[in-house]
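Protein chains: 2
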Amino acid sequence: MEFKKILEQHSEESWNKYIPTLSIDCVIFSFHETTLQVLTIKMKGQERWGLPGGYVRKDENVDDAAIRILKDRTGTENIYLQQFYTFGNLNRSESAFEEYDDKLWNKQRFVSIGYYALAEYTNVKLVIDQYSTACEWKSIAELPEFMMDHRTIFDRALLTLREQLNNHPIGYNLLPEKFTMPELQKLYEAILEKKLNRGNFYRKILRYDILTKLEESRKGGAHKAPDLYSFDLEKYNAALKEGLKGSW
Amino acid sequence: MEFKKILEQHSEESWNKYIPTLSIDCVIFSFHETTLQVLTIKMKGQERWGLPGGYVRKDENVDDAAIRILKDRTGTENIYLQQFYTFGNLNRSESAFEEYDDKLWNKQRFVSIGYYALAEYTNVKLVIDQYSTACEWKSIAELPEFMMDHRTIFDRALLTLREQLNNHPIGYNLLPEKFTMPELQKLYEAILEKKLNRGNFYRKILRYDILTKLEESRKGGAHKAPDLYSFDLEKYNAALKEGLKGSW
Chain A
1 MEFKKILEQH SEESWNKYIP TLSIDCVIFS FHETTLQVLT IKMKGQERWG
51 LPGGYVRKDE NVDDAAIRIL KDRTGTENIY LQQFYTFGNL NRSESAFEEY
101 DDKLWNKQRF VSIGYYALAE YTNVKLVIDQ YSTACEWKSI AELPEFMMDH
151 RTIFDRALLT LREQLNNHPI GYNLLPEKFT MPELQKLYEA ILEKKLNRGN
201 FYRKILRYDI LTKLEESRKG GAHKAPDLYS FDLEKYNAAL KEGLKGSW
Chain B
1 MEFKKILEQH SEESWNKYIP TLSIDCVIFS FHETTLQVLT IKMKGQERWG
51 LPGGYVRKDE NVDDAAIRIL KDRTGTENIY LQQFYTFGNL NRSESAFEEY
101 DDKLWNKQRF VSIGYYALAE YTNVKLVIDQ YSTACEWKSI AELPEFMMDH
151 RTIFDRALLT LREQLNNHPI GYNLLPEKFT MPELQKLYEA ILEKKLNRGN
201 FYRKILRYDI LTKLEESRKG GAHKAPDLYS FDLEKYNAAL KEGLKGSW
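First to last, the sequence lines map onto chains A and B. Under our numbering, residues 1 to 248 are what the first sequence spells out, in order. Under our numbering, residues 1 to 248 are what the second sequence spells out, in order.
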C-alpha cells in the first residue's frame, strides 16, 4: 500500500518538525453560483472526504501555521481567516489509522484547532499534494460523508458564521467586489439556512447604509440587467463594530 | 526554593499523566456588588497574578478537563462553561520558567485553550491548592498585572462575553435568581464597558419579554424597595436562539 509507505517515511520527520498533540483543520468557504461551498479533500488511503489540515511547527505561532496550511492548499494567503473552536475529544482522529504502528505520527491523539476561511471563489487555485488524490469545492447542501469528526468541525464553523454575520465582514469576504442584491440575499440565506422575504431583506440591508449602488449594471441574460452594488467599507466596518442590528 | 522542588517533583508525574503541548486556562466571571469580577490566583514563585488553569489527562476529553479544573478551583461543576479561544503564540508561557531545567514539564511550550465560566458569586468556594498561595475575586475595573499572556486571555474572554450577550444565557448565569432592574443594567454596563441610558435600557429589556416581575420587592435600605425580577427561562432561551435583537 503506497500511502502507508509515504506516511511511515514522513513520520520521523513529523516528530522532529512539529509540536505533538496539536493539529489544525480549515473550513474554507466560498460563494459560487448562488451556493455556499466548502473546500474538501480526499486523502490517499481514505474512502471519505475531509477538510484540509496540517500541523504546527516547533518554531511557529499557531496562527501562522494556519496561514501556511491555507496557502499550501489555495495558493494564496490573502484570505480572511478566523479561529473558531478547538476539538479535543478522545479518539476523534486516532481510529483512522488503526492498522498502523502505534509510533506513527498520524496515529497519535490530536486535538485540532478549527479555523474558518472566507475565500473569493475566483481567487483560489486548488492544490493536490502528495497526501491527497482530490481537492474540490462542494456545495454545503450536498456534502459527502466526512472522515473522522470533520462533519462536526464543519457544522460548528457554519454555526459560527451565522453567529458572526452581524459583527464580522463575512459578506465582504465571500462576494466579489461587485454583486447584485439577489446574490447578497442568497448568501445570507445560505449562511442562515432559511429563506428570507425579498422585500424585508432589501429594506433591512439598505437601512444599514453599508452598500454603494454602482453606476453600472450586470450585463447579459434575458431579463432587465440587475443593479450592481459594492460594500462601502468604511461604513460597513463601523456598522460591524456596533453589530449590524444596532447596539445596546 | 520550596516551589521549585514541588514543580520538579511533579514534573515526571505530569509527563506521564497529561498530553503534551496543551494547557487550559479559565476566565471565571461572577457579578458581585454591581461589579463584574474575575477569579485570579497567585502561583507560588510568581510575583504576578494569573488565571486558574491546568492540563489534559491522556484519557480525558478536553471539555472534561476544563470541567475538572473548574471544579478543583471553585468546588462546583454546576457552572456555565464555554470554550472561547486557543492561544498559540511562541513563548507565551515558557519564559516564566527560565531558571529551570529544560526537561521540566512546566517549561515546555504550551498552547492554551481558553474557557470562560459564569459563576453565581455565592455558589463558589475558592480553593487554594499546593501550587498557589492565593485565590481571589478581583473587579475587572481594577485588575492587577497578570503573568504570561493572561491579560490577553482575559481581554479576549470579555470581548467574547460582549459578542455573545445576545445569544448566550449570560445574564441568567451571572445573576442570582432574583434581581432588580438596576442590577441587570449594571451587569450589561460592565460587560459592554459603557454607560447605558436607564430609560432606553428598561424599554429594550422589557420589550424582549424575557423577564418575570415578581410579587415581592427587595427589603432593606432607605429608599423605596425596588421591584424584583427573574428570567422567564423558556422565553429567554427562545429569544437567545433568535438573537435578542430579532433575527433576519
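To be clear, the hints were calculated from the coordinates, so they are not data collected in a lab. Be a bit skeptical, because a hint or two may be false.
Note that identical chains are pooled: a pair holds if it fits in a single copy or bridges any two copies.
Stated by the list, open to error - Below, a list of computed lysine-lysine pairs in the BS3-like style, where the Cα atoms sit at most 30 Å apart:
| no. | residue 1 | residue 2 |
| --- | --- | --- |
| 1 | Lys204 | Lys235 |
| 2 | Lys5 | Lys195 |
| 3 | Lys178 | Lys204 |
| 4 | Lys224 | Lys241 |
| 5 | Lys71 | Lys4 |
| 6 | Lys103 | Lys44 |
| 7 | Lys224 | Lys103 |
| 8 | Lys224 | Lys17 |
| 9 | Lys235 | Lys219 |
No experiment lies behind these values; they were computed from the predicted model shown.
Do the hints match the structure? See the list:
1. Taking CA atoms no more than 30 Å apart as the test, lysine 204 paired with lysine 235 passes in both settings, with 15 Å inside one copy and 25 Å between copies.
2. Neither within a single protomer nor between protomers do lysine 5 and lysine 195 lie at most 30 Å apart by alpha-carbon distance, with minima of 49 Å and 63 Å respectively.
3. Taking CA atoms no more than 30 Å apart as the test, lysine 178 paired with lysine 204 passes inside one copy only; the shortest distance there is 19 Å, against 37 Å between copies.
4. In this assembly of identical chains, lysine 224 and lysine 241 lie within 30 Å of each other by CA distance neither inside one copy nor across copies; the values are 36 Å within and 39 Å between.
5. Within a single copy, lysine 71 and lysine 4 get their C-alpha atoms as close as 26 Å, which meets the 30 Å cut-off; across copies the closest is 43 Å, which misses it.
6. For the homomeric pair lysine 103 and lysine 44, the shortest alpha-carbon distance inside one copy (20 Å) is at most 30 Å, but the shortest distance between copies (37 Å) is not.
7. Proximity of lysine 224 to lysine 103 under the C-alpha cut-off of 30 Å is found in neither arrangement, the shortest distances being 64 Å within a copy and 71 Å between copies.
8. Taking the shortest Cα distances, lysine 224 and lysine 17 never come within 30 Å of each other, neither inside one copy (58 Å) nor across copies (68 Å).
9. Only within a single protomer do lysine 235 and lysine 219 lie at most 30 Å apart by alpha-carbon distance; the minimum there is 28 Å, versus 48 Å between protomers.
Consistency with the previously given hints fails for numbers 2, 4, 7 and 8, ordered from lowest to highest.
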